[in-house]
Structures are given as structure tokens and as C-alpha cells.
Amino acid sequence: MTTYDARFRIWRGDTEGGELRDFTVEVHDGEVVLDIVHRLQATQVPDLAVRWNCKAGKCGSCSAEVNGRPRLMCMTRMSTFTREETISVTPLRAFPVIRDLVTDVSFNYRKAREVPAFVPPQGVAPGAYRMRQEDVERSQEFRKCIECFLCQDTCHVVRDHEENKPAFAGPRFLMRVAELDMHPLDAAQEAGLDRKRAAQEDHGLGLCNITKCCTEVCPEGIKITDNALIPLKERAVDRAYDPLVWLGNKIRRRTAP
Amino acid sequence: MATGTEPSRQPTGVHGPTRAAIAARHLRTDRWWLAPAGTAAGLLAFIVYSTWRAFANADYYAAPYVSPFYSPCLAENCREMRSGPNLDLFGSWWGLSPALLILVFPLGFRLTCYYYRKAYYRGFWASPPACAVAEPHAAYSGETRFPLVLQNAHRYFFYAAVPVAGILTYDTVLTFRDGDYAWGHMGLGTLLFLVNITLIWAYTLSCHSCRHIMGGRLKHFSKHPVRYRLWGWVSRLNARHMLLAWSSLISVALCDFYVYLLASGTFTDPRIF
Amino acid sequence: MVQVDRQQWDVVVVGAGGAGLRAAIEARERGARTAVICKSLFGKAHTVMAEGGIAASMGNVNEGDNWQVHFRDTMRGGKFLNQWRMAELHAKEAPDRVWELETWGALFDRTPDGRISQRNFGGHEYPRLAHVGDRTGLELIRTLQQKIVQLQQEDFKEYGDHEARLKVFQECTVTRVLKEGPRVSGAFCYERESGRFFVLEAPAVVLATGGIGKSFKTTSNSWEYTGDGHALALLAGAPLLNMEFVQFHPTGMVWPPSVKGILVTESVRGDGGVLRNSEGKRFMFDYVPDVFKEKYAESEEEGDRWYEDPDHNRRPPELLPRDEVARAINSEVKAGRGSPHGGVFLDVSTRMPAERIRRRLPSMYHQFKELADVDITAEAMEVGPTCHYVMGGIAVDSDSAATVGVPGLFAAGEVAGGMHGSNRLGGNSLSDLLVFGRRAGLHAAGYAASAGRPAVSQAEIEAAAAEALAPFHADEGAENPYTLHQELQTTMNDLVGIIRRAGEMAEALERLAALRVRAARAGVEGHRQFNPGWHLALDLRNMLLVSECVARAALERTESRGGHTREDCPSMERDWRPVNLLCRPVDPAPADPAAGRIALVRTRTEPIRPDLLALFEKDELVKYLAEEELYE
Numbered sequence: 000m001t002t003y004d005a006r007f008r009i010w011r012g013d014t015e016g017g018e019l020r021d022f023t024v025e026v027h028d029g030e031v032v033l034d035i036v037h038r039l040q041a042t043q044v045p046d047l048a049v050r051w052n053c054k055a056g057k058c059g060s061c062s063a064e065v066n067g068r069p070r071l072m073c074m075t076r077m078s079t080f081t082r083e084e085t086i087s088v089t090p091l092r093a094f095p096v097i098r099d100l101v102t103d104v105s106f107n108y109r110k111a112r113e114v115p116a117f118v119p120p121q122g123v124a125p126g127a128y129r130m131r132q133e134d135v136e137r138s139q140e141f142r143k144c145i146e147c148f149l150c151q152d153t154c155h156v157v158r159d160h161e162e163n164k165p166a167f168a169g170p171r172f173l174m175r176v177a178e179l180d181m182h183p184l185d186a187a188q189e190a191g192l193d194r195k196r197a198a199q200e201d202h203g204l205g206l207c208n209i210t211k212c213c214t215e216v217c218p219e220g221i222k223i224t225d226n227a228l229i230p231l232k233e234r235a236v237d238r239a240y241d242p243l244v245w246l247g248n249k250i251r252r253r254t255a256p
Numbered sequence: 000m001a002t003g004t005e006p007s008r009q010p011t012g013v014h015g016p017t018r019a020a021i022a023a024r025h026l027r028t029d030r031w032w033l034a035p036a037g038t039a040a041g042l043l044a045f046i047v048y049s050t051w052r053a054f055a056n057a058d059y060y061a062a063p064y065v066s067p068f069y070s071p072c073l074a075e076n077c078r079e080m081r082s083g084p085n086l087d088l089f090g091s092w093w094g095l096s097p098a099l100l101i102l103v104f105p106l107g108f109r110l111t112c113y114y115y116r117k118a119y120y121r122g123f124w125a126s127p128p129a130c131a132v133a134e135p136h137a138a139y140s141g142e143t144r145f146p147l148v149l150q151n152a153h154r155y156f157f158y159a160a161v162p163v164a165g166i167l168t169y170d171t172v173l174t175f176r177d178g179d180y181a182w183g184h185m186g187l188g189t190l191l192f193l194v195n196i197t198l199i200w201a202y203t204l205s206c207h208s209c210r211h212i213m214g215g216r217l218k219h220f221s222k223h224p225v226r227y228r229l230w231g232w233v234s235r236l237n238a239r240h241m242l243l244a245w246s247s248l249i250s251v252a253l254c255d256f257y258v259y260l261l262a263s264g265t266f267t268d269p270r271i272f
Numbered sequence: 000m001v002q003v004d005r006q007q008w009d010v011v012v013v014g015a016g017g018a019g020l021r022a023a024i025e026a027r028e029r030g031a032r033t034a035v036i037c038k039s040l041f042g043k044a045h046t047v048m049a050e051g052g053i054a055a056s057m058g059n060v061n062e063g064d065n066w067q068v069h070f071r072d073t074m075r076g077g078k079f080l081n082q083w084r085m086a087e088l089h090a091k092e093a094p095d096r097v098w099e100l101e102t103w104g105a106l107f108d109r110t111p112d113g114r115i116s117q118r119n120f121g122g123h124e125y126p127r128l129a130h131v132g133d134r135t136g137l138e139l140i141r142t143l144q145q146k147i148v149q150l151q152q153e154d155f156k157e158y159g160d161h162e163a164r165l166k167v168f169q170e171c172t173v174t175r176v177l178k179e180g181p182r183v184s185g186a187f188c189y190e191r192e193s194g195r196f197f198v199l200e201a202p203a204v205v206l207a208t209g210g211i212g213k214s215f216k217t218t219s220n221s222w223e224y225t226g227d228g229h230a231l232a233l234l235a236g237a238p239l240l241n242m243e244f245v246q247f248h249p250t251g252m253v254w255p256p257s258v259k260g261i262l263v264t265e266s267v268r269g270d271g272g273v274l275r276n277s278e279g280k281r282f283m284f285d286y287v288p289d290v291f292k293e294k295y296a297e298s299e300e301e302g303d304r305w306y307e308d309p310d311h312n313r314r315p316p317e318l319l320p321r322d323e324v325a326r327a328i329n330s331e332v333k334a335g336r337g338s339p340h341g342g343v344f345l346d347v348s349t350r351m352p353a354e355r356i357r358r359r360l361p362s363m364y365h366q367f368k369e370l371a372d373v374d375i376t377a378e379a380m381e382v383g384p385t386c387h388y389v390m391g392g393i394a395v396d397s398d399s400a401a402t403v404g405v406p407g408l409f410a411a412g413e414v415a416g417g418m419h420g421s422n423r424l425g426g427n428s429l430s431d432l433l434v435f436g437r438r439a440g441l442h443a444a445g446y447a448a449s450a451g452r453p454a455v456s457q458a459e460i461e462a463a464a465a466e467a468l469a470p471f472h473a474d475e476g477a478e479n480p481y482t483l484h485q486e487l488q489t490t491m492n493d494l495v496g497i498i499r500r501a502g503e504m505a506e507a508l509e510r511l512a513a514l515r516v517r518a519a520r521a522g523v524e525g526h527r528q529f530n531p532g533w534h535l536a537l538d539l540r541n542m543l544l545v546s547e548c549v550a551r552a553a554l555e556r557t558e559s560r561g562g563h564t565r566e567d568c569p570s571m572e573r574d575w576r577p578v579n580l581l582c583r584p585v586d587p588a589p590a591d592p593a594a595g596r597i598a599l600v601r602t603r604t605e606p607i608r609p610d611l612l613a614l615f616e617k618d619e620l621v622k623y624l625a626e627e628e629l630y631e
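Residue numbers (numbering that gives the first Met the number 0), protein chains in the order written: chain A, 0 to 256; chain B, 0 to 272; chain C, 0 to 631.
Just so you know, the hints here were simulated from the structure itself, not pulled from any lab data. Be aware that one or more of the hints could be misleading.
[What the hints assert, rightly or not] Simulated crosslink set (DSS-like; lysine-lysine; CA at most 30 Å straight-line): (1) Lys333/C x Lys222/A; (2) Lys222/B x Lys164/A; (3) Lys156/C x Lys216/C; (4) Lys368/C x Lys143/A; (5) Lys622/C x Lys294/C; (6) Lys617/C x Lys292/C; (7) Lys164/A x Lys156/C; (8) Lys294/C x Lys216/C; (9) Lys143/A x Lys117/B; (10) Lys222/A x Lys218/B; (11) Lys249/A x Lys117/B; (12) Lys143/A x Lys617/C; (13) Lys117/B x Lys164/A; (14) Lys117/B x Lys222/A; (15) Lys91/C x Lys292/C; (16) Lys368/C x Lys292/C; (17) Lys280/C x Lys368/C; (18) Lys218/B x Lys143/A; (19) Lys222/A x Lys222/B; (20) Lys156/C x Lys218/B.
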């Protein structure tokens, strides 16, 4: 077992302000950044605020920015850094800070509420649902999401433009729309809800310029851009931009009594 | 997309009043600028080269090879290419290079391509320059307004790109002739054209719109087994869309350059048989 | 006088894991205004860690399955100490709870004909676990979370307020259940973000706080598992049941040290993974106990055939109940046949193609790749036992989930005892959460509707606030809560761990008393805003209380059964079968911190209903039941 002293720069502060503070702390074999933060708590700064939970990459609580990159601290191994470098750890920079490494992520919970829930099909009793594996696989990929909100944090649409927050659901919740639209038994259409149109009109799909940072930071390796956002854009095109569809609708409306 | 580039007076984004007070625009320590810089350099090189070649209106045919930039050739001022892609749709009034007529389609296809959009938004427009690196623009409206709302027309360019790829396939078949139009021969150019057409098709079919049309739009794959299988194939290609975008871009430029070398007499096509 | 914000609700649910959310959904649908309060963010609860699946006898894969078989498996797994009525309700209601999830949007893996696929698991006779790859817990929590959002969307349409009838107080902690006389009147809470105190006044409180694993050093449990609900119940006067039964999951990661204890799902074995020692031997064949001899394969060939043809072969002994496997691994390591880092080898790489491993066990592949640099498709994993689950818990009424002696207090999920007896089968926890979560919500809402509103006294609030603020007033020589926590974990792990001895447990009780004395002086720096040192100092009270329960009960039960293994009393004693150990708080609480807080009471279990007993062969019952029970 080898041990060495690593240099860290950790942001400490709150809504009033703060700064990056330097720490030197012991590191052992096989440790991750979250272990180091815990050692700092136990030995140097007992009130260092940090969110964490499972420490196994399954709950998505310990999101932060390590050397400027949105990461889960529990999944960032110390062996990926050289012993000489100073490692910076800051809170997520797209959300309001609360204290130290903890940010106010309520934006995401607000957005979650804006996406209309799954609409169960009429007349299908519990236990009578029949779905093929190939039909659920696309949505299953999106349901791997652990809601760490790293994609929401890195997305420049809201990270760099606070004013877009009301109009933009962010990658996580656009993916939720895609998940429901691809759900083989979702009966939104029958209930008069057009998820494809809603994606464009209510959730700000048009603001996404598919620059793929959400996919780059996803700790679950979900292909958010290629499998959720772009297919959703194509589905929205089916509604709004397809002249054939537009023409068809016009004609149908004309002939309708 | 951004409508202004000067930094705004009010601090916003990562420097907004509610965010953690950190002066730096980013704290990345890796060479994050390398990817956008490389992308920008690569695209720029292609733009310069293709602009020169498209306006040149010369050295685009060396029997049996026709430059992919000039195929199909749609004006009367095109060179006569025996059984080649001469399709005089525009007549004699078109006085400029005929390449401009046809290049609109592959250009539009690539310009609205989901991968190239990412590449040039990042590389040329720095929106964003890299992940978690603050962008320099004060405002951002994404693809919601004119002209960027037109990006949604990608699938129509896809429809147009398919016949173009078909004609380039025809051109490739024609390369199995020698300089005297006798069939059953091959030169180094034939190999180049074969590689190019393979990459062009792979790129075209790996397109996200194609994936959507093939099966992505369906709710129940299980009810459409053939389309599901097609979707699966396209999906596998689609995973390499970026790679195919670059390699087909390079191969198409190389083919054109090869034809230029032959047509300008700088180089002679080594014949294989 | 402490001024705190007071809010009135009908039902307060403490904990937002599977049981808590299911209870909240039920209570709200029954018309109760319901508040959920949880220590983490909404949707991060420990339930997400559950991997294998939800046990429910839907019979989708093997039509022979039904609730009776599930009931039998559960009783056998728990060594007949289960509160049989709970096991019965659980087996009967689990399929409905799973199907209901589908109507809320859950997407389980499917069978070829489009039904919910079910997988094999230790101790289950048939493939029974509804699953989504190896992230079933995540699917469960997300589905319940999204159902709650859906209910809130309905309320928004009706009242213009998402939180009109169902609100989640995230990142808040309850430190006391408040009472008027014997009855529950509310909960005293603080908000982690601001450190602000508040009181939720409600006639009914459902405890759904999960387990106690953070009292042990090597554990698969997250930081939240500090036994809060157990302690809240004790402090409110409700007893705990059979706290000596702690499940050590046989397969936790052992290397590197920082991830030691993280779970390696049982599905690895259910799907074909095998355990080997350093000599390459599949040692589990040597550890099949007599009571299971007829149900498990005797040769590797037979075990291997079982995966393809379960009707004509017996299952491999790697799929024995967890307690057996954990003990076997422990013995192998002790005998010097362990892996380099003190575990044994769990191998799937030689058992199935790499592509299939990545598809069936994606998060395990990911977890080992990311955290240990091990490619499980190419090499074996190193695994060893890790503290995973507490079978013991708050004593509850089987049908209503009501606690004993405190009207208005309910408990469901891991925090409740009885359901799993002395050992829980894999997959039975998620179904437990749903079945009894729903029942707790149902009965809490019913109780709240008829109970009126007991008053919350200012004196109680003052006392709770003073208790919570004590760590800020520690004098010179204050104890570091992190140090105390580490010492507690070492004590429990080493002295009341997987193999127990009377002397060590007595020593543990002494050390716990010493820790209590020091914990009374625990002090923290900084202020109340999101201060993890302070939060830990408050959680220490709960961990110390619960640890004392575990140690006292374990010392008292002089036999080995399920999750309680005594080296000095190695066999299962039929005479102990009908005995429950209740931990009751010493009342009034002694002023001296060194004095014990817990008094043990022996009670007799209710006789098993004859029609349920008839589900077993006489020969089998003879092995479990006490002499006098057999003649009844």
C-alpha cells in the first residue's frame, strides 16, 4: 500500500462569496476524490459541506466539478491524476451555491414537474401489460439515469445563460420526454397530449444545439444526444417542419366538416 | 445561436450572482482547446480547398474519372464526358462553374448534419468552446430562430444526398474503364473512387435522419421487424457518424485532387490492368 | 423560548425510499394530506442500491410458482422465525404491487411473450425476481418518484399548488417523534441546508428510514443508514424486535480499501457465477447444511445443468440463502484459502460470453471497471461478506404496520422487524417495501382520519431543540464525532460482526457505554448551515442506541440462526424458535450516559396458523419447530 500527500484546492464559501482554499491531504491506494473529501472532513475541516450518499456511482448525489470537469466524486479515482498536480474541486457552477460543495438543485425538480407523467393505456388491467423487450429497450436506456444532474450542469444553454432556465428543461428532462414518447404503452396521444410538439413548445428542445456535452459527462454512459435528443428533434420535425405533414393537415382540416 | 459577442455588462452564466464565486471562466487543466481548434482547422482547410476547386471550373475530368465536385454536371458549359454524368438541366444561361449547382446539396446535407453542427458550433462559434468552458456570448437562442431553425430541414437534404450518392456510384462504375473508354480496366484512381463511394454511402446512411426514417420514428419495433432490423444496422453505423463524416470529407477531397492532378497533367494514373 | 415553524399534515412519512414513497402514495390516494421527509435529495434513497430484483410469484417464467411456494421459501430462509402473517401477506400481495408499478411507467425486462421477466435468486425455488438488468432498485425508486410527481401534477391542476396534498421535505432530518400522552402528535425536524428547526404536526407518523449498516465498518449501506427510525421508535416508547439478526451479504467488494463493502449483486450467482477458493475449488459444495441437503446439487455437473433445465436438476449451492454463503466464505478465508485481499473469487468470466455479461450485469461490469480496474468478463472478482441488512426492527402489527404501544406510529420496510425472521432472502426486500409500505400508508391514513389532532407541547419542542443544539455547546476537550463514529464501527464490526462470541459481545457493550459517555461531549465547529459534523453528532445518538440493541440481543440468544452466528453456540436450537427478543427503552432514561439504555424482554411468537403449517412436510417441520410446538 502506498501513501502520498496530495494538494487540493477546494471551494469554500456560501451565497455571500467564497474562494478556493488550499489543502494538503493524505491519499492511499485505490481511493477516489470523495474519500479525500471525507478525510478532510474527519481531520481538518469538520464542517466542509458535501452531498453524498451511496459512494458507488448509483445514486448521483456527489456531483461536483473536479479540475473543472463535472464529475461524480465517488467515481473519480485519484490514480487518474499525477502526484504533482493540484486538484481543484468546486461545486456545480450552473446552479445557485448553498455552501461549499453543495448547490441548490431545485431547478431540476421544478423541471421534472413540468413533464407530464406516463399516461397508462385505457382498458389494460395491471398485470395485462404486454411489451416486447425490443420495444422497451430504448426507454430503458434513459431510465438508467441516476439524476446526478451533471448533464444539466454542463449544458451551456443554462450554465452560461441563466435567462434560459425558465424555457429549457435541460438534457435530463428532454430525455424524460423522449423516454415517455418511446414508451410502447404510453397513451398520451390518445389523451390529447402530443409529447413531440410539447418537447419543442414547452420544454425548449429548440434551444439544444446538440453539442454533446451532456453525453460527454454522463456517468452512466447514456447516449443522451444520439439516442434521446436527436431522435426527439426528428420527431418534432415530423410535427412542425415537415411540409408534407403540414400539407396533409391543411387538407384534412379543409375537408373536415 | 448567439446574437451578440461582446461580453455583457451584467455578470451572467457562471459569474451570475447566485453561482459559486469563482473568477476563472473554467478550471479545466487538460488541453480542452485542442479538439475545437483541430476541428476548426480541418473544416477551414476543406472550405478553402473546395472553394478554390468549385470556382475553378477546370481540370475536373480526366477520362475515365470525373471529380465528385462536378458530378452530376448540370449546365451546358460542362465538359463532355462520354457516358458520364452530363445532365444539362440548366442550359446555356449558367455561366459560372457547374460545380456550384450541384455542390449545394452535399453542402447543405453536411451543413445541417447533426455531427457537423456540433463541430462548427464548438469550433467556429465557441458555443460552447468545450464542456464546462464558459462561452463568450451574451445571449443565446439555440436553434429556435431564423436562420438556425432551418437546421431542422436536415432530412430533406438527406433525401437529396441519396440520388447524389447514386450518381457518384455510377461514376465509380465508369472508372472500371481505361482512358479510351474500354471496359474491364482499373487504375489507382478506381481504388480511390471505390474507397470514396463506400465512405460516402456509409456517411449518408449513418445519418440521424436516416435512422429516424428507417425505424426511429416507430413506437413498436416488434410490429415492424424489417424496419427494426434496418434501424439496428443504421444505428450501428450511426455510432460512427463522426468518424464517417471526417473520412468521407477527406476522401471526397482526395478524389477531386487526384482528378485535378490527372487533368492538369501533373500525374499519370498508374494502371493496374 | 424556541420559535419554530409549525405545519399541519395528516400523515408524516419519515424516509423516502421504497417503503416511504409507497406509503406516501397510498396515504395521499386515501385522501390524507401527506408530508414525506428525507435526509437526502428526493430520489437518492438507499433503495437505488438494490440490484437483483423484486420477488413476486407471478409465475411468468415458471408456471409452478404461486404465493404458497413463495411463502414457504420465505419461512425457510428466515428459519421459521418470521412473523408468519407478514410472510403470508407479503407472498400474496407482491405480484399486485409489481404490476401496479407498470401502470405507473416502470419498464421491467421482458419475457419473449412480452410479460415481466423473472430471474433466479438464492433461496427462491423458482425464477421469481422481476428485474431491470441489475438496477432494479433504481427503477423502483424512480417509478415511485415519478408517481408522486404525477400526483403533484394532479394537485396543481386542482389547487394551483403542487404541494397542496403531498409534499417532500428533502434534505431534512427528524430528531424526535413528538407525543401527547401515549399518542403521536408530530415530528421535530431540522433542515440540513439552513439548520433551521421546524415541527410537522400530524396524528400519524410512518417510519420508513431503512437500516443500521453505518454502525458497522464494512457495509454496503450508505451514510443515511444510521438507524434513525429504530431510535425514534425506541425514544417514543415502541420496542424493537430481534435486533440480533443482521444480514452479512456474502459478496461485497474487498479491494481497493476505499470501496470495501460495496455490494456485488447476487444476480452474478443467479446468472451462473461461481465461488472458488485460492485452490480453484468450488467450495460451496462442502457447506450445504442438513436442512437444505435435498434441495441442492451434489456435483458441479448437476449444478451446471440446472441453469438450463431447472425442472430435472437441483440448484447449485452458490444459491443457498445468504447467511450460509457468507459463513462459508468466512470459513474459507479463515482456513487460509482466501484470495490475496482476504476474500474469495467470484467468477463469471469463464461461465458466459463477455457480451452476455455486459448485457446481464451492466452495473457490475461498470462498477468493477471503474472502481477496481477489474474486467469481470476476463477475470474473477474478489468478494467477501459485508453488512447489508437488518432483519430485526420495530415490532409491528402484521396487517396494519402499527407499532406496539404507540398509537399513530407506523413502520414499514427495513426499519420494521418480523417479516424476514432471522434471515432475508434476496429480492424479498423490494417486495417488502411495496407490500408493507402500502399497508402502512393505508392504515396511517385511516388512523389519521379518525384520531383527531393531538397537541404538540412547547415543552417538548424546547427539549428537542436543546438536545439538537447540544453539540454546539460542547466545552473544552470536545470529542470529534468522526472519530467516535469510526470507533463505533470498528467495535461493532470486530465484536458483534458476522461470527460472534459471548466474551466479545460483553466487551462490545462496555465499549458502547464508554462511547456513549464520550458522545455526550461530542462537539462541532462552524454554524448550523449544512454542517455535516453536526449532522453526524446527532446521528451518533441513534447509532449508539441501535448498536446496544444488537449487542444485547445477540448476547442473549444462545444459538446460531440465520443472520446470528455464535461460535460458542454453533447450532440452531429448536427451543429458541418460538422466542422473540424485544428491546425496550429503559424508562425513564438514566441520567448517567454510561448506564444501559435498553432492557431485553422475551416473548413467545404467535403459533403458526395450521393451514400455513400444512404447506410444509412433517419431516421438514421437525427440523425447525420446538418440541411443544409440534404437538400443538
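**OP:** Of all the hints given earlier, name the ones this structure violates by number, lowest first.
**Re:** 1, 2, 3, 8, 11, 12, 16
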